[in-house]
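Student: Residues per chain are reported as follows:
2 protein chains.
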Amino acid sequence: MREVAIIGIGQTKVEEQWDKSLREIAGEAVLLALQESSLERVESIFVGNMMSGSANRQQHLGSYIADWVGMRFAEGYHIEAACSSGAAAFRSAVMAVASGSVDSAISVGVEKMTDSPGAEITSQLATASDADWEADMGLSFVALNALIMQRYLHEYHWQKDDFAGFSINSHANAAHNPFARFQDPISMISYQKAAMIADPINLMDASPMGDGAAAAVIIPLDLIKKRGGQKLVKVVASSAATDTIAAHSRRDPIWLAAAESSSRQAFTQAGINPEDIGVFELHDAFSIMAALSLEASGFAERGQGPRAAIENQICPKGRIPISTRGGLKARGHPVGATGMYQIIEVVQQLRGEAGETQVERPIYGMTQNIGGSGSNIITHILKAE
Amino acid sequence: MREVAIIGIGQTKVEEQWDKSLREIAGEAVLLALQESSLERVESIFVGNMMSGSANRQQHLGSYIADWVGMRFAEGYHIEAACSSGAAAFRSAVMAVASGSVDSAISVGVEKMTDSPGAEITSQLATASDADWEADMGLSFVALNALIMQRYLHEYHWQKDDFAGFSINSHANAAHNPFARFQDPISMISYQKAAMIADPINLMDASPMGDGAAAAVIIPLDLIKKRGGQKLVKVVASSAATDTIAAHSRRDPIWLAAAESSSRQAFTQAGINPEDIGVFELHDAFSIMAALSLEASGFAERGQGPRAAIENQICPKGRIPISTRGGLKARGHPVGATGMYQIIEVVQQLRGEAGETQVERPIYGMTQNIGGSGSNIITHILKAE
Numbered sequence: 216m217r218e219v220a221i222i223g224i225g226q227t228k229v230e231e232q233w234d235k236s237l238r239e240i241a242g243e244a245v246l247l248a249l250q251e252s253s254l255e256r257v258e259s260i261f262v263g264n265m266m267s268g269s270a271n272r273q274q275h276l277g278s279y280i281a282d283w284v285g286m287r288f289a290e291g292y293h294i295e296a297a298c299s300s301g302a303a304a305f306r307s308a309v310m311a312v313a314s315g316s317v318d319s320a321i322s323v324g325v326e327k328m329t330d331s332p333g334a335e336i337t338s339q340l341a342t343a344s345d346a347d348w349e350a351d352m353g354l355s356f357v358a359l360n361a362l363i364m365q366r367y368l369h370e371y372h373w374q375k376d377d378f379a380g381f382s383i384n385s386h387a388n389a390a391h392n393p394f395a396r397f398q399d400p401i402s403m404i405s406y407q408k409a410a411m412i413a414d415p416i417n418l419m420d421a422s423p424m425g426d427g428a429a430a431a432v433i434i435p436l437d438l439i440k441k442r443g444g445q446k447l448v449k450v451v452a453s454s455a456a457t458d459t460i461a462a463h464s465r466r467d468p469i470w471l472a473a474a475e476s477s478s479r480q481a482f483t484q485a486g487i488n489p490e491d492i493g494v495f496e497l498h499d500a501f502s503i504m505a506a507l508s509l510e511a512s513g514f515a516e517r518g519q520g521p522r523a524a525i526e527n528q529i530c531p532k533g534r535i536p537i538s539t540r541g542g543l544k545a546r547g548h549p550v551g552a553t554g555m556y557q558i559i560e561v562v563q564q565l566r567g568e569a570g571e572t573q574v575e576r577p578i579y580g581m582t583q584n585i586g587g588s589g590s591n592i593i594t595h596i597l598k599a600e
Numbered sequence: 216m217r218e219v220a221i222i223g224i225g226q227t228k229v230e231e232q233w234d235k236s237l238r239e240i241a242g243e244a245v246l247l248a249l250q251e252s253s254l255e256r257v258e259s260i261f262v263g264n265m266m267s268g269s270a271n272r273q274q275h276l277g278s279y280i281a282d283w284v285g286m287r288f289a290e291g292y293h294i295e296a297a298c299s300s301g302a303a304a305f306r307s308a309v310m311a312v313a314s315g316s317v318d319s320a321i322s323v324g325v326e327k328m329t330d331s332p333g334a335e336i337t338s339q340l341a342t343a344s345d346a347d348w349e350a351d352m353g354l355s356f357v358a359l360n361a362l363i364m365q366r367y368l369h370e371y372h373w374q375k376d377d378f379a380g381f382s383i384n385s386h387a388n389a390a391h392n393p394f395a396r397f398q399d400p401i402s403m404i405s406y407q408k409a410a411m412i413a414d415p416i417n418l419m420d421a422s423p424m425g426d427g428a429a430a431a432v433i434i435p436l437d438l439i440k441k442r443g444g445q446k447l448v449k450v451v452a453s454s455a456a457t458d459t460i461a462a463h464s465r466r467d468p469i470w471l472a473a474a475e476s477s478s479r480q481a482f483t484q485a486g487i488n489p490e491d492i493g494v495f496e497l498h499d500a501f502s503i504m505a506a507l508s509l510e511a512s513g514f515a516e517r518g519q520g521p522r523a524a525i526e527n528q529i530c531p532k533g534r535i536p537i538s539t540r541g542g543l544k545a546r547g548h549p550v551g552a553t554g555m556y557q558i559i560e561v562v563q564q565l566r567g568e569a570g571e572t573q574v575e576r577p578i579y580g581m582t583q584n585i586g587g588s589g590s591n592i593i594t595h596i597l598k599a600e
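Respectively, the protein sequence lines represent chains A and B.
Numbering-wise, my numbering comes out as the position in the first sequence, counting from 1, plus 215.
Numbering-wise, my numbering comes out as the position in the second sequence, counting from 1, plus 215.
Keep in mind the hints are simulated off the structure, nothing from the lab.
Just so you know, not all the hints are guaranteed correct.
[What the hints assert, rightly or not] Here are the computed lysine-lysine pairs in the DSBU-like style, where the Cα-Cα straight-line distance is at most 35 Å:
#1 A:Lys449 <-> B:Lys449
#2 A:Lys449 <-> A:Lys235
#3 A:Lys375 <-> A:Lys532
#4 A:Lys532 <-> A:Lys449
#5 B:Lys532 <-> B:Lys375
#6 A:Lys440 <-> B:Lys449
[Unchecked claim] Covered, in the sense of this in silico footprint (three residues per stretch, anywhere, with C-beta under 8 Å from a C-beta of chain A), are these stretches of chain B:
#7 277-289
#8 313-324
#9 343-352
#10 449-456
#11 462-475
[Stated by the list, open to error] With the Cβ distance kept under 10 Å, some of the chain A side facing chain B (calculated, not the full set):
#12 Met265
#13 Ser307
#14 Ala313
Built from N, CA and C at the ideal position, the CB exists for glycine as well.
Looking at chain A on its own, in the form it has when it is part of the complex (with noise of 0.2 Å):
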C-alpha cells in the first residue's frame, strides 16, 4: 500500500447559500485545494453527498463536478454513507491513490440544503436510518439522538447543563473561524435558555444545517517528495466499520461500537495511542455523539464523556482538543461535507494554520465522521511530517 498525503486543501464558508448552485460551492472548494496544490487537474475525483438526488434533483454528482471545475475525462463518483459521506468520498480517494490505480485524486465533500424546503429536508435527513422501523415511525433524526441521551442521562446520572461544554467550546473556537457558520460565542445561561427541541436536546445541542463544501488533493507521497517545499500531511491512518443501521437493534444503544472498531483499526495502523493524539475533529452533529465518540475512541472512560467537558480538557489547551474550529455545532453540518471539514481544519492544525485557537505543535491529529445514529463510522489520522 503507498503511502499517501495531502497537498493542497480548499474550503467554503458553511451558510445559507441561496445565490449558489450545488455545482458553484463544490467547485469553489475544489479549485481552491488545486490552486493549493499547483495542480489544474487530477485523476480523479470522489465527491461526497447525502442528498442531492432528492434535494437538489441531481445524481451524477462525479461527472457534475469534473465537468464544472474543467476536468473532463477525470473519473469521477459519488460516495454516500450518509452523515459519514464526506469521510467515506476520502477514503474512497486514498485507496485509489494507495492502489497505484491513480497518481492524484481529489476529495470534495458539498451539500446544498437550502434548495428544499425545512420539513421535507427533515424528511430526506431520515433516509440515513432505517426507513421500515425508524423514519416510518416517525422518527426524526433529532428524535432517535434524544432517545440515546434521555437513555445516557438516565444510565449514568447526568444532569443535562454537564453537557454545555460541549457547545461552549465549539462556538468559542467558530468565533476565530471566519468559514464558520456562527461566530459568536455562547455562555452557559444562553445554553439553559436555548428552546428544547426533542427532549432532551435543545437548540445548542443540535448542530445547524447549512450549504458548503471542503476539499482536499491527495498524492502519493514519494511524488510529494520530488515537489518539495510544500508543507506535508501524511494520511497515516484510514478505516471504517459500520453497525446496525436502526439504534433499536443493538445491544448497547449508548455505546458507539463502530467508533471503537474503527479507532481501534486506525490506532494500530498508525501505530500509537490516543494520547499521541493532538487534535482531534469529532462528529458534535448533537452534544451526545461527541460524549460517546471521546468515550468509544479511548479519550474518556465509559459513561464519563460529559467530563471532559466539564473539566475544560477540549478546549485548544486542553488535554484532548475537540471542535477546535467550530465543530458541527457552530462550523456548521452541511451532511456530506461535514467529513472533508474536519479533514481540512486538522489539516489546519497540523500546519499550524488555525490561528487563534491553534493546537501546541500537534504532530497527530484524528477525524471521526458519524454516518446516521453511529451506524457508520470513518476514522482518519493524520501526521505533520
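Put chain B on the given structure of chain A with help from the hints.
Tutor: Then chain B, alone, in the frame of chain A:
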C-alpha cells in the same frame, strides 16, 4: 498494485419484485455470492445504486446492507454514478482490495424501482443528466437518447430498421437466461411494429426498468491461489472516464469520447487489443448506445456500429458477441445493478457457465457501463485463468 480476482457471484432475476424490499433483493445476491465464495463475510461492501434516496426513501445503503446480511462492523458505502453505479461500485471494491487496505470486498449493484410510480421514476432517472440545462427543460432520458440517435441517422445515413439487430440479438440471448426480465425472442416484424416512444426510439430500442441485484466477491489473487480448486477470473483492467454531464456540451455528441478514453486505458492495462476480447457486455440501454459503444471501444469503424448488428457479428458465435445474457434490453436495466450484472455475466462466460449462449472458449471478457448520456463510462476487462 495487488492483482485481484473474483471468487463468487450472485444475482436475482430482474423483474417487478413487489413483494420484496431493497434490502431483501440486495441481500439475496450478496448471500449467493458469499456462499459461492465459501465465505461468511468480507471486510468491505460497496453498494452501487442510483435512486434509493428518492425511490425508496432509504440512503446509507452500505450500513443498511451490511447489517441485513449479518456483516456488522464491515465497512460499507454507497457508490453512485447514475446508470454506471454498478461498475463504479465494482471499481471501488477493486481499488480497496488492490490497495491492500482490505483483503476481501463485495460489490453489489441493486435497484428497486417499483416502489415509485412511473412518472416519478422518469423524473428521478433524469437526475443523471444536467438538472439545470437538460432535466429542467423537460428532457427525459429517452428523449435525450432520441436526440442523439436522430443526429446519428442524419450524419451516417442509416435507417431506423438497421438497429433492429441489436434488440433481436439481446432478446434471443435472454431466452436462455433464467434471470432475464424478458425470455421471449422477438422478430424483425415485432421490432417494426413496436410503439414509438420518442422518435426514432421505439419500445424495442429501449431497455426495460426492473428490480434486481447482482454481486461479486473480490479477493487478492495470491489468497485465491492458496484456496485452490476454484475457477479463477482475474480483473486485468479497471478504468473510467467522465465527459461533460450535458450532451449538448460535447463537440461531437454522437461519439462516446469517455468510452474511447476508458477502453483505451483498459486495453493498455490488460496489454491486449480489441481483437483479443471474446465477449463484450456493453450498455445497450438504447440501441443507439450499443452502436456508439462498439465504435468508441474499437470494435467498429466510426459511424459503422449498426453494421455489426446487420452482419450478425454480435451474436454468441459472431466476431464480437455482445449482450450474451440478454443485455440491458432483455435481461433488464435495474439502473444501479446493471454494471454488476455485466460483470457476473462475463464471469459466467469465462467460466464456461453461460449455457445455450456460451461463447466458444473466451479468454478475455469486457464490460462497459455508461452513466448518463455518455458522461461517465467505466470499462473492465476480466480474464479466465
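Student: Each of the hints needs a verdict: does it hold here or not?
Tutor: Status of each hint after checking the structure:
no., hint, in the structure
1, A:Lys449 <-> B:Lys449, "holds (32 Å)"
2, A:Lys449 <-> A:Lys235, "holds (33 Å)"
3, A:Lys375 <-> A:Lys532, "holds (25 Å)"
4, A:Lys532 <-> A:Lys449, "holds (24 Å)"
5, B:Lys532 <-> B:Lys375, "holds (25 Å)"
6, A:Lys440 <-> B:Lys449, "holds (34 Å)"
7, 277-289, "holds (count 9)"
8, 313-324, "holds (count 4)"
9, 343-352, "holds (count 6)"
10, 449-456, "holds (count 4)"
11, 462-475, "holds (count 3)"
12, Met265, "holds (6 Å)"
13, Ser307, "holds (6 Å)"
14, Ala313, "holds (4 Å)"
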